[in-house]
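Student: Below are the chains, spelled out letter by letter.
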Amino acid sequence: MGSGAVKSATYRLAVRGELDERFAYLFNGLDMERTRGRTVLTGQVIDQAQLHGFIERIEELGLELISVEQLEEES
Amino acid sequence: MASRTARAGQTASPPLVVTKLDPPAAREQTVARERLLERLQPGPGLKLIVVAAPAGSGKTTLLGKWREGEAGVRPVAWLTLEKEDNDPVVLWAHALEALRNACPGLSETLSPESLDEGRIDLMLPQLVNELSEHGDIVFILDDFDRVSSGASRDTIAWLIEHAPSTFHLVLASRNEPGLPLGALRARGELLEVRADDLRFTADEAEELLNERLELGLARADIEPLVERTEGWAAGVYLAALSLEGVEDRGGFAREFGGTNRHVIDFLVDEVLDAHRPELRTLMLRSSVLERLSGSLCDAVLEQDGSREQLADLSRSNLFLIPLDDQNEWFRFHRLFAQLLRVELEHREPELVPALHRRAYAWHVDHGFPEQAIDHALEAGAFAEATELISTAWDQVAGGGRQATVAAWLGRFPPELVRESPRLLLAQAGLAPSSDSRPDEPGSSDAGLDTLRAGFQWGDVGSGYEAALRAAEFQGPGSPFRAAVCWSLALGGYNRGDLATADHWFAEAVEAGERDERWLIAASALAHRSLIAWENSQPAEQTRLAEQARGLAHNHDVDRVKGEVDVAVGASLATGGRPDEALPVMARGISVLRKFGSPLDLANGLLCEARFLRAVGRDDAAASAIEEAEQAIETCRDPGVLPERLEALRPTRPSRRRDATPELTERERAVLRMLNGPLSEREIGRELFLSHNTIHSHTKSIYRKLGASSRREAVKLARTHAII
Numbered sequence: 001m002g003s004g005a006v007k008s009a010t011y012r013l014a015v016r017g018e019l020d021e022r023f024a025y026l027f028n029g030l031d032m033e034r035t036r037g038r039t040v041l042t043g044q045v046i047d048q049a050q051l052h053g054f055i056e057r058i059e060e061l062g063l064e065l066i067s068v069e070q071l072e073e074e075s
Numbered sequence: 001m002a003s004r005t006a007r008a009g010q011t012a013s014p015p016l017v018v019t020k021l022d023p024p025a026a027r028e029q030t031v032a033r034e035r036l037l038e039r040l041q042p043g044p045g046l047k048l049i050v051v052a053a054p055a056g057s058g059k060t061t062l063l064g065k066w067r068e069g070e071a072g073v074r075p076v077a078w079l080t081l082e083k084e085d086n087d088p089v090v091l092w093a094h095a096l097e098a099l100r101n102a103c104p105g106l107s108e109t110l111s112p113e114s115l116d117e118g119r120i121d122l123m124l125p126q127l128v129n130e131l132s133e134h135g136d137i138v139f140i141l142d143d144f145d146r147v148s149s150g151a152s153r154d155t156i157a158w159l160i161e162h163a164p165s166t167f168h169l170v171l172a173s174r175n176e177p178g179l180p181l182g183a184l185r186a187r188g189e190l191l192e193v194r195a196d197d198l199r200f201t202a203d204e205a206e207e208l209l210n211e212r213l214e215l216g217l218a219r220a221d222i223e224p225l226v227e228r229t230e231g232w233a234a235g236v237y238l239a240a241l242s243l244e245g246v247e248d249r250g251g252f253a254r255e256f257g258g259t260n261r262h263v264i265d266f267l268v269d270e271v272l273d274a275h276r277p278e279l280r281t282l283m284l285r286s287s288v289l290e291r292l293s294g295s296l297c298d299a300v301l302e303q304d305g306s307r308e309q310l311a312d313l314s315r316s317n318l319f320l321i322p323l324d325d326q327n328e329w330f331r332f333h334r335l336f337a338q339l340l341r342v343e344l345e346h347r348e349p350e351l352v353p354a355l356h357r358r359a360y361a362w363h364v365d366h367g368f369p370e371q372a373i374d375h376a377l378e379a380g381a382f383a384e385a386t387e388l389i390s391t392a393w394d395q396v397a398g399g400g401r402q403a404t405v406a407a408w409l410g411r412f413p414p415e416l417v418r419e420s421p422r423l424l425l426a427q428a429g430l431a432p433s434s435d436s437r438p439d440e441p442g443s444s445d446a447g448l449d450t451l452r453a454g455f456q457w458g459d460v461g462s463g464y465e466a467a468l469r470a471a472e473f474q475g476p477g478s479p480f481r482a483a484v485c486w487s488l489a490l491g492g493y494n495r496g497d498l499a500t501a502d503h504w505f506a507e508a509v510e511a512g513e514r515d516e517r518w519l520i521a522a523s524a525l526a527h528r529s530l531i532a533w534e535n536s537q538p539a540e541q542t543r544l545a546e547q548a549r550g551l552a553h554n555h556d557v558d559r560v561k562g563e564v565d566v567a568v569g570a571s572l573a574t575g576g577r578p579d580e581a582l583p584v585m586a587r588g589i590s591v592l593r594k595f596g597s598p599l600d601l602a603n604g605l606l607c608e609a610r611f612l613r614a615v616g617r618d619d620a621a622a623s624a625i626e627e628a629e630q631a632i633e634t635c636r637d638p639g640v641l642p643e644r645l646e647a648l649r650p651t652r653p654s655r656r657r658d659a660t661p662e663l664t665e666r667e668r669a670v671l672r673m674l675n676g677p678l679s680e681r682e683i684g685r686e687l688f689l690s691h692n693t694i695h696s697h698t699k700s701i702y703r704k705l706g707a708s709s710r711r712e713a714v715k716l717a718r719t720h721a722i723i
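As they're listed, the protein sequences go chains A and B.
Residue numbers for the first sequence follow our numbering, so the first one is 1 and each next one is one higher.
Residue numbers for the second sequence follow our numbering, so the first one is 1 and each next one is one higher.
To be clear, the hints were calculated from the coordinates, so they are not data collected in a lab.
Beta carbons: idealized from backbone N, C-alpha and C, even for Gly.
Some hints here could point you the wrong way.
[What the hints assert, rightly or not] Here are the simulated DMTMM-like pairs of lysine to aspartate or glutamate, each with C-alpha atoms no more than 20 Å apart in a straight line:
| id | chain 1 | residue 1 | chain 2 | residue 2 |
| --- | --- | --- | --- | --- |
| 1 | B | 594 | B | 121 |
| 2 | B | 83 | A | 56 |
| 3 | B | 83 | A | 59 |
| 4 | B | 699 | B | 637 |
| 5 | B | 83 | B | 176 |
| 6 | B | 83 | A | 60 |
[Unchecked claim] With the C-beta cut set under 8 Å, the calculated list includes, among others, these residues of chain B facing chain A:
| id | residue |
| --- | --- |
| 7 | 175 |
| 8 | 265 |
| 9 | 335 |
The shape of chain A in the complex, shown without the other chains (with noise of 0.2 Å):
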């Protein structure tokens, strides 16, 4: 159906400012690294469906994101 991955990968989503470690709970799972004026979630991203929710918590909070990309499989 050409509807994106099903499988299981490995995202990192970058927004600008830096959240404190409680905003995590929102994206579960998700390893949370403050750099430079920037956040930065990564982790394994078990489908389309858990991505947009995760995107969407970020628009919910009127954050800005940066950027999203799909990391190399590591196998």
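We have chain A already, so just place chain B on it with the hints.
Tutor: Positioned in the frame of chain A, the structure of chain B alone reads:
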């Protein structure tokens, strides 16, 4: 709560949440942003205004101010959308109410109650007609981003496309609305206000902070603040709330300006600290609620005095939004609520399920089952949620809101649904209305097939067996007794075993009346009346039909259960009133066309044909028989219906081998398309039929022609000069 149900108790139409129709209350602390208000001019030819910007940009406040001015010029309807509006029936029930409030001239038939049947496709053209007879109307849909489903968005896209030029739709959304904006933009029919437009200028910030909020800040303190927040309204306002409790404002501004922490990250602590401890606790713990009232907060926080606290808070905090004039109901700004939930999870994570559980209990006690279901699901109280859903789903889905039921089920862990007969039954109840009709073996979860088949969508044999199995675990005390008895009865009826059918229909009536399963009780009474007709018991037939009609009318299910009208029509005919019988029956048939399974429809049509033949209207009878035949052809196992159909034919058609095969009109149409390049799915789209229906027509064409492939079918059809 800020909602009312159209009728007490079980009801088919969606409960209207009237506060969604209220524009935001005018509040002194907000700024009128003239430069933006001047841009919002709904001139002629302008079809759509879109205010698209991130959360907290001040979209709602801007449109609220604008509405105050507009309302003096032309009718303005307001609707704040919620996630429930992903169900188009919910969306349009509220939209119609909002429009009717704004323009009382709209006709009665465009009422929310008229959507009981979920026929939005019929309502929209009528709405467009009526709108074109009115003058200018503005309709504001706030929080449009909450509508993410294609179904609801499609109805809005259709309205924009077809509405008269006097109708101006205004959408506020956090994201790009999934609508064909490109075309509107190209035709100059679109006005857009976007994030950059909404950024506060230093002048606007000064007006807010000093004139409205009376913070008395120096211009030199305001400029860096606007810069740091980039004019983001929520940021500016959060900073203002933080500043209220701060002595050293210069120091605050320096610290705020000197950190890389995100605006919300830095400010949420500050804002909470600026409030009294009890208000801080109230804000945090009540953030699990969509709407707040004193009584609800008292229950959730296990305290007294929430009502006064809410009133206090709403005077000082614009993020707590009053929903009525009586300070009864409030909600938090969505962005602020999300921030509070983050803090709550951080500070008291173990408390969250308990808060939801208390909210669940309050909503149960106060008669709001749908909100109670939401909180039970949030609390992970799946047993409680199951209990509520199992008593609510058939009325909710029966009113056309299948999407609502599907969303509830989607929030359960899948294994819980698979193991719960009650939830499976709810899921099965959705199947006939969805696109995936369970007529393809192996197409659906094997675990669901059993119960889905219980709805006998075209398969009498396996449906009856499924009902027998279901009867084993739904004994006389089960809340599903009525549904199971009805399934058993219908299976017997379609197998031609009228005595068994009558027995189970009678029990279905009894259980249905006891458990307030009005759809089932009405259907069962109607079938009993039809059985009495078959058995030539006119007194019994009339009594049962009257009873069915009374019950269906009293519980407002007469527009979804076509068999009731069929039975009433048949009893009028028996009573020697054929002229009255005909329109009633026709109405029943048209309802069956919309809501009935092919078996239900075929049965209704055969009853009609029987009556038509009895009064000598053979032509009309023949066309009813033909339509019944088409419906039967889509069924995998139609039981005794083909026999009953053949018995009604004037003369049996000869079945000589060399005779031209008799195809129905529909089949001829499909056959003509098969002699072309389109796939079955594409043919379906052309003929406005589902892929499944086309497929069963194709199978039937092959059978009648004796063909085994599409190419062979076309060749044989040419031989017989059918095409």
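Student: What are the numbers of the hints that this structure violates, sorted from low to high?
Tutor: No numbers; nothing is violated.
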